[in-house]
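Enquirer: Sequence:
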Amino acid sequence: MSPTPSSHSFAARTEEHLLHTVGVAPAAASSTELMHAVSQAARAELSQRWVQTQAADRGARARRVYYLSMEFLIGRTLSNALAALGQNDGAAEALGAHAKAMEEVADHEPDAALGNGGLGRLAACFLDSMASLGLPSFGYGIRYEYGMFAQEIQNGAQVEHPDPWLKDGTPWEFPRWELSYPVRFGGWVEHVDGKAIWRPAAEVAAKAYDMVIPGHGTKKVSTLRLWKATAPAHIDLNAFNTGDYQRAATAKNEYENISWVLYPNDSTPAGRELRLKQEYFFVAASIQDMVKRHLDEHGTLSNLADQVAIHLNDTHPAIGVAELMRVLCDEHGMDWTPAWAICRRTFSYTNHTLMPEALETWPVGLMQHVLPRHLEIIFRINKEFLDFAAQFRPGDNGFLSRLSLIDEAGERRVRMANLSIVGSHKVNGVSKLHSDLLVQTIFADFAALWPERFTNMTNGVTPRRWLSQANPGLSSLLDRHIGHGWRRDLDELHKLAPLAGNPEVRAEFMEVKRANKARLAALIARTTGVQVNPDALFDVQVKRIHEYKRQLLNVLHVIGRYQAILANPKGPDGQGWVPRVVLFAGKAASSYHMAKNIIRLIHDAGRVINNDPRVGDLLKLVFIPNYGVSVAETIMPGADLSEQISTAGTEASGTGNMKLALNGALTIGTDDGANIEIREAVGDANIFIFGLKTPEVQALRASGYQPMRHYEGQPDLKAVLDAITGGQFSPEEPGRYRGLVDALLWGGDHYMLLADYASYVATQREVDALYREPAAWCQRAIANVAGMGVFSSDRTIREYARQIWRIEPKP
Numbered sequence: 062m063s064p065t066p067s068s069h070s071f072a073a074r075t076e077e078h079l080l081h082t083v084g085v086a087p088a089a090a091s092s093t094e095l096m097h098a099v100s101q102a103a104r105a106e107l108s109q110r111w112v113q114t115q116a117a118d119r120g121a122r123a124r125r126v127y128y129l130s131m132e133f134l135i136g137r138t139l140s141n142a143l144a145a146l147g148q149n150d151g152a153a154e155a156l157g158a159h160a161k162a163m164e165e166v167a168d169h170e171p172d173a174a175l176g177n178g179g180l181g182r183l184a185a186c187f188l189d190s191m192a193s194l195g196l197p198s199f200g201y202g203i204r205y206e207y208g209m210f211a212q213e214i215q216n217g218a219q220v221e222h223p224d225p226w227l228k229d230g231t232p233w234e235f236p237r238w239e240l241s242y243p244v245r246f247g248g249w250v251e252h253v254d255g256k257a258i259w260r261p262a263a264e265v266a267a268k269a270y271d272m273v274i275p276g277h278g279t280k281k282v283s284t285l286r287l288w289k290a291t292a293p294a295h296i297d298l299n300a301f302n303t304g305d306y307q308r309a310a311t312a313k314n315e316y317e318n319i320s321w322v323l324y325p326n327d328s329t330p331a332g333r334e335l336r337l338k339q340e341y342f343f344v345a346a347s348i349q350d351m352v353k354r355h356l357d358e359h360g361t362l363s364n365l366a367d368q369v370a371i372h373l374n375d376t377h378p379a380i381g382v383a384e385l386m387r388v389l390c391d392e393h394g395m396d397w398t399p400a401w402a403i404c405r406r407t408f409s410y411t412n413h414t415l416m417p418e419a420l421e422t423w424p425v426g427l428m429q430h431v432l433p434r435h436l437e438i439i440f441r442i443n444k445e446f447l448d449f450a451a452q453f454r455p456g457d458n459g460f461l462s463r464l465s466l467i468d469e470a471g472e473r474r475v476r477m478a479n480l481s482i483v484g485s486h487k488v489n490g491v492s493k494l495h496s497d498l499l500v501q502t503i504f505a506d507f508a509a510l511w512p513e514r515f516t517n518m519t520n521g522v523t524p525r526r527w528l529s530q531a532n533p534g535l536s537s538l539l540d541r542h543i544g545h546g547w548r549r550d551l552d553e554l555h556k557l558a559p560l561a562g563n564p565e566v567r568a569e570f571m572e573v574k575r576a577n578k579a580r581l582a583a584l585i586a587r588t589t590g591v592q593v594n595p596d597a598l599f600d601v602q603v604k605r606i607h608e609y610k611r612q613l614l615n616v617l618h619v620i621g622r623y624q625a626i627l628a629n630p631k632g633p634d635g636q637g638w639v640p641r642v643v644l645f646a647g648k649a650a651s652s653y654h655m656a657k658n659i660i661r662l663i664h665d666a667g668r669v670i671n672n673d674p675r676v677g678d679l680l681k682l683v684f685i686p687n688y689g690v691s692v693a694e695t696i697m698p699g700a701d702l703s704e705q706i707s708t709a710g711t712e713a714s715g716t717g718n719m720k721l722a723l724n725g726a727l728t729i730g731t732d733d734g735a736n737i738e739i740r741e742a743v744g745d746a747n748i749f750i751f752g753l754k755t756p757e758v759q760a761l762r763a764s765g766y767q768p769m770r771h772y773e774g775q776p777d778l779k780a781v782l783d784a785i786t787g788g789q790f791s792p793e794e795p796g797r798y799r800g801l802v803d804a805l806l807w808g809g810d811h812y813m814l815l816a817d818y819a820s821y822v823a824t825q826r827e828v829d830a831l832y833r834e835p836a837a838w839c840q841r842a843i844a845n846v847a848g849m850g851v852f853s854s855d856r857t858i859r860e861y862a863r864q865i866w867r868i869e870p871k872p
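With the first letter of the sequence shown counted as 1, position 697 gets the number 758 in the working numbering; the numbers rise by one all the way through.
Quick caveat, the hints were computed from the structure, so don't treat them as lab data.
Incorrect hints may appear among the rest.
[Unchecked claim] Per label pair, the in silico range of CB-to-CB distance:
{"id": "1", "residue 1": "473", "residue 2": "765", "range": "24 to 34 Å"}
{"id": "2", "residue 1": "315", "residue 2": "756", "range": "18 to 28 Å"}
{"id": "3", "residue 1": "776", "residue 2": "799", "range": "14 to 24 Å"}
{"id": "4", "residue 1": "672", "residue 2": "462", "range": "55 to 65 Å"}
[Said to hold, decoys possible] Dumping the calculated DSSO-like pairs for lysine-lysine here, alpha-carbon to alpha-carbon at most 30 Å:
{"id": "5", "residue 1": "353", "residue 2": "268"}
{"id": "6", "residue 1": "657", "residue 2": "228"}
{"id": "7", "residue 1": "228", "residue 2": "556"}
{"id": "8", "residue 1": "280", "residue 2": "161"}
{"id": "9", "residue 1": "161", "residue 2": "228"}
{"id": "10", "residue 1": "280", "residue 2": "871"}
{"id": "11", "residue 1": "493", "residue 2": "871"}
{"id": "12", "residue 1": "280", "residue 2": "556"}
{"id": "13", "residue 1": "268", "residue 2": "313"}
{"id": "14", "residue 1": "353", "residue 2": "256"}
{"id": "15", "residue 1": "228", "residue 2": "256"}
{"id": "16", "residue 1": "657", "residue 2": "754"}
{"id": "17", "residue 1": "754", "residue 2": "779"}
{"id": "18", "residue 1": "779", "residue 2": "657"}
Note that the coordinates shown come from a computational prediction; the quantities given were computed from them, not determined experimentally.
Just so it is clear, CB atoms sit at the ideal spot from N, CA and C, and this is done for glycine as well.
Could you build the full structure based on these sequences and the hints that come with them?
Expert: See below:
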């Protein structure tokens, strides 16, 4: 029988919440009700820390950083909160009294649907580090009702469903009923006595909901403030009373759909307008909130840049530059010149892409329709900027055209990246290669004007989430052999390096990895129905499905391997084949046909390969649906091989590569993004690099790349593509993948899969050879863990704080 908890213990508080908050007899509590009760007990402690942190920051008149992001992919909160509060034992005691394990109860918490991919998970890691380093900080975003979408696979195809993560409420948010700001759209602008007056046509209320982000090893917390759109009046009562119920709710739905879904399908005019409204909605509410807090504490906006640092996470919040100018000039009567000086000292901007087509732009006509005053402000910023730039290259219209905030070619469009650069005092890339390429390629003209404005901040991940919580077995091993300090100082992992040759440590490490692979195998069976052997090499590519990330290159290798196994069951060297499980996960944007077709090919090829008795356990191909943080926390620790195979010069950084290596996976990848820095950190012998390098990619494109030469010159590659186009994997629809292959052979193979194929396959043979030597593989896996200290988000945030935000961390 479990001991009775003391009246002030965490377990006792959990029992009280079961009775008084959840409203259930403790003896009858379900796992979901226990999850809510434990969460409420933790929430109460977090609330105290939030109140104390805010009081301390107000009392110190602290300089704060405000991180604006469309995504915060925070995942589940309970385990992280308990770890930060030091209440793992208390929660275990509380649940033990009900014969429940923590893992079982935690699984009943839904992932917060507040993001989609690396951008949002990076923002979540950064908030964790801001709190742990004691930075006065707020994250600002949107309280999505449904997130992006829940991914289901039907007959091999992605199907999107709403993800109603809030349908049963969440114990982690704090509604701030008193905080509501008006956000306006449309209308026109009048100019009276030199003053601009915006006459908006519509207004929506932004209501605040806070989530407390706890620091680890400190009582400091950060705040994630999310905005929900609500209609000024919930229904048209006159229409309702006359029986026109549909019209009565129209206004409510029209306004409140702003915060329904992350990244609405922008393939339609209505979708594009909604997306622009979303971006302005959360930025406008956030800036009003910042300005109010600043005026409450300082009484003047003249020192705003001294006390406030606003960071733009990609271009989604770039409209904030124009919004702050509008607030300063139109609402607070500040002259343009001092307002612009404040604005540029306040903002900083992170770029996350090297692909010009991925840089966000908005049609001038749409901006005029939705935000007419902001378009005027952007035009003025642009005129003054181009007048300034013209002094450096008089008569160089091409230079000015590339710099302009307005793209005049074809449909006139507002370039949000250019607005972000002109309106910020610092612009950073997210890996050494990415930052170098920014100033050499897409932003070369800006760098020529302002070389000091550009810098690098290599991304990082939080070790609390991605090692301590995701991989308790490896965490315990580290605690025993190098101490506990790595959780707050990931550089401590270097102490593991000398132990890589220790047979006892290797045996422990391999035991931990085998247990993690068994857990991952259970997830694969549960979600896909495919049984896999945990002793096989687990080859993992998990990320957003996109052509530049080259999941298709991976599939081509899998099909080629399948054909080779059938042709030569004894293996290419007579030693047999290394059993391999190739695992994919990730979502394709709902309107991205090519990416969705790649998902279907993975399933079609997997259906054939997994059911071929001639192959058996030598090769399995699986796709885990509905990838998110909690799924990743099972996949990362169980991976042996991390696929980071983007075309060199296209991936800004990557953070999945860091998480996988941190958990002991060896990377196979191109010299792209942060792969280069991972190679430097772990050593050339402990990573598999293949393919063209960035200068070679550029040179090949310039000389006239001919993918057909690779098709005709490589019989194994030709056999793979012919099998796909011949309908071997889609006999019910033989032409299903004709367009996908034609894009490679006749469409230019933009991401050069065929050019890298031979090198990729040869490097995969090196992977096989090493995996045949378990001790050598294990030693290299340990070296990867030991070399990952530099990739902590704590290091990244320290650099942001000191070099960009001018705030000294105070852990």
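Enquirer: Look at each hint and say if it fits the structure.
Expert: Here is what the structure says about each hint:
1. 473 / 765: 24 to 34 Å: Hint holds: Cβ distance 33 Å, inside 24 to 34 Å.
2. 315 / 756: 18 to 28 Å: violated, 51 Å
3. 776 / 799: 14 to 24 Å: At roughly 21 Å between Cβ atoms, residue 799 and residue 776 fall inside 14 to 24 Å, so the hint holds.
4. 672 / 462: 55 to 65 Å: At roughly 57 Å between Cβ atoms, residue 462 and residue 672 fall inside 55 to 65 Å, so the hint holds.
5. 353 / 268: Status holds; Cα separation ~15 Å.
6. 657 / 228: With a Cα-Cα distance of about 28 Å, the restraint between residue 657 and residue 228 holds, given a limit of 30 Å.
7. 228 / 556: violated, 46 Å
8. 280 / 161: Given that 30 Å is the threshold and the Cα spacing comes to 29 Å, the pair holds.
9. 161 / 228: holds, 24 Å
10. 280 / 871: It holds: about 12 Å lies between the C-alpha atoms, which stays within 30 Å.
11. 493 / 871: holds, 27 Å
12. 280 / 556: holds, 28 Å
13. 268 / 313: Status holds; Cα separation ~15 Å.
14. 353 / 256: holds, 23 Å
15. 228 / 256: Distance ~46 Å between residue 228 and residue 256 Cα, so the pair is violated.
16. 657 / 754: Given pair residue 657, residue 754 holds - Cα atoms ~28 Å apart, limit 30 Å.
17. 754 / 779: Judged against 30 Å, a Cα distance of about 24 Å means the pair holds.
18. 779 / 657: holds, 23 Å
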